[in-house]
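For the record, the sequence lines run as chains D and H.
The first sequence begins at 2 in this note's numbering and counts up one residue at a time.
The second sequence begins at 2 in this note's numbering and counts up one residue at a time.
Possibly wrong hints are sitting among the right ones.
Restricting the straight-line Cα-Cα distance to at most 20 Å, the calculated cross-link-like pairs of lysine to any residue (SDA-like) are [what the hints assert, rightly or not]:
#  : chain 1 : residue 1 : chain 2 : residue 2
1  : H       : Lys105    : D       : Met38
2  : D       : Lys134    : D       : Ile122
3  : D       : Lys217    : H       : Met41
4  : D       : Lys217    : H       : Thr37
5  : D       : Lys226    : D       : Thr180
6  : D       : Lys217    : H       : Asp60
7  : D       : Lys123    : H       : Pro86
8  : D       : Lys123    : D       : Ser275
9  : H       : Lys105    : D       : Arg31
10 : D       : Lys226    : D       : Gly206
11 : D       : Lys217    : H       : Leu39
12 : D       : Lys217    : H       : Ala72
13 : D       : Lys11     : D       : Met63
14 : D       : Lys217    : H       : Pro86
15 : H       : Lys105    : D       : Pro90
16 : H       : Lys105    : D       : Asp33
17 : D       : Lys226    : D       : Asp161
18 : H       : Lys105    : D       : Tyr34
19 : D       : Lys123    : H       : Trp85
20 : H       : Lys105    : D       : Gln29
21 : D       : Lys217    : H       : Glu40
22 : H       : Lys105    : D       : Pro39
23 : H       : Lys105    : D       : Val36
None of these hints come from the bench; they were simulated from the model.
This one's a predicted model, so the numbers in the text were calculated from it and none came from an experiment.
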Amino acid sequence: MSDTITTGIKLIPASRFSIGQLTAIYNQTRVDYMVPMPMNEARLVEYINTYDVDLGHSLVAMQDEEMLGVAMLGLREGRAWLTRLGVIPNTRRQGVGLALCEGFLEQAHNLGINFQMLEVIKNNVPAQTLFLKLGFYEVGELLVLRRSPIIPPAEPVVADAQRLDRNEALDLVGQDRGTQPWTNQSESLSNASEVSGLRLTLVDGSTGWLVYQRQKFLLTRFAFKTQTGNPVDMAHAFLSHLHHQYPRLDTHLENIQVHDPHLPAFYEAGYLESFRRIEMWRGSPPPSLTGGEH
Amino acid sequence: MKKILIVEDIPDNAELVRRIMVSRGFEVLHAADAETGLEMAMSSHPDLILLDLGLPDHDGLTLAGWLRAEAAFGQVPIIAYTAWPPEAASHMAETYGCDGYIGKPIGSVKEFAEKIESFLKA
Chain D
2 MSDTITTGIK LIPASRFSIG QLTAIYNQTR VDYMVPMPMN EARLVEYINT YDVDLGHSLV
62 AMQDEEMLGV AMLGLREGRA WLTRLGVIPN TRRQGVGLAL CEGFLEQAHN LGINFQMLEV
122 IKNNVPAQTL FLKLGFYEVG ELLVLRRSPI IPPAEPVVAD AQRLDRNEAL DLVGQDRGTQ
182 PWTNQSESLS NASEVSGLRL TLVDGSTGWL VYQRQKFLLT RFAFKTQTGN PVDMAHAFLS
242 HLHHQYPRLD THLENIQVHD PHLPAFYEAG YLESFRRIEM WRGSPPPSLT GGEH
Chain H
2 MKKILIVEDI PDNAELVRRI MVSRGFEVLH AADAETGLEM AMSSHPDLIL LDLGLPDHDG
62 LTLAGWLRAE AAFGQVPIIA YTAWPPEAAS HMAETYGCDG YIGKPIGSVK EFAEKIESFL
122 KA
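All chains should be modelled from the sequences, with the hints used to inform the complete structure.
Here is the structure:
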């Protein structure tokens, strides 16, 4: 362990900083990443709104007048989410990340939240080790997928296809997704703009639906379900209709469960794995999120 | 004079490319995000687009795929400019319709310039 600077660190509520300052510190923490994924202010605002980030309980680590890192706290009923955690490169391995994580847990505790969630990039061993040390445990592996619009879409599978407006789509998603990865929970879709859906009945009587967000250049935030029938056939059908309708749009999907039974149809439609994340929890989901079950 | 559009959010990186290619007789335009890059590509009709993949408003590959589907850019070389590992960079660039990729950081100015010129001659 190298020298620690934790004694001089102050954790300041993120709400005391401008969006410009928060965007800058976030980007600085990612500047040396292989895939930096920078954000501009508009994207950070969208992120905060979509994922219910509570800036009043999110933290910026400071030493003297210098911003060293950031940890954001997403807040929904009965659960908190640790996100956008990062430390600027030249102050890593000196206790700043640990201080931010401990600060996050304290904020959650002060809010009365005993169930915390996060995702960490697979093979980021230092971060995973830190989270394990703080009491998080692994609950699953998640896929980040993308599909290029260069790939010609398949012909739409013959089916009774019904387009769903925002309200119809959100009704199908329902409100019982509180233990799904944060990005895919009901609130994430409710908060997002341009959400719509597709309900299909195949010729063999199988039924299912897909809900998605359409951005300017991108399809994203999928929720889907096979109500009756084979999940691969259903996914093949809804993807064929979707990509036929939007042939020019790129597609990004985050945090799909690695054992999702629909996945073979995604790979067949040209989806590629960008990387994997590990989903981690701390504490147990409250009964309100599990339908009373533990 | 051949025209190169670089879409890159880090000013130092863009400036380095500009200096290298201007010294070899090219006109270099710069956009710092994907939306501006798309606007400049549509309005200025560059002969080659050098595209950072980590842009702050939209993913660089998303922009590549969009541009590639535009009839006006069907034959314009689009080159991914990225620090990704070579195998991933090559595969993703091809998947999104790029003509190739150039790795960051620039190791040799001469090799960088020659690679850009080779895409323009191809």
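- So which of the earlier hints does this model not fit? 14
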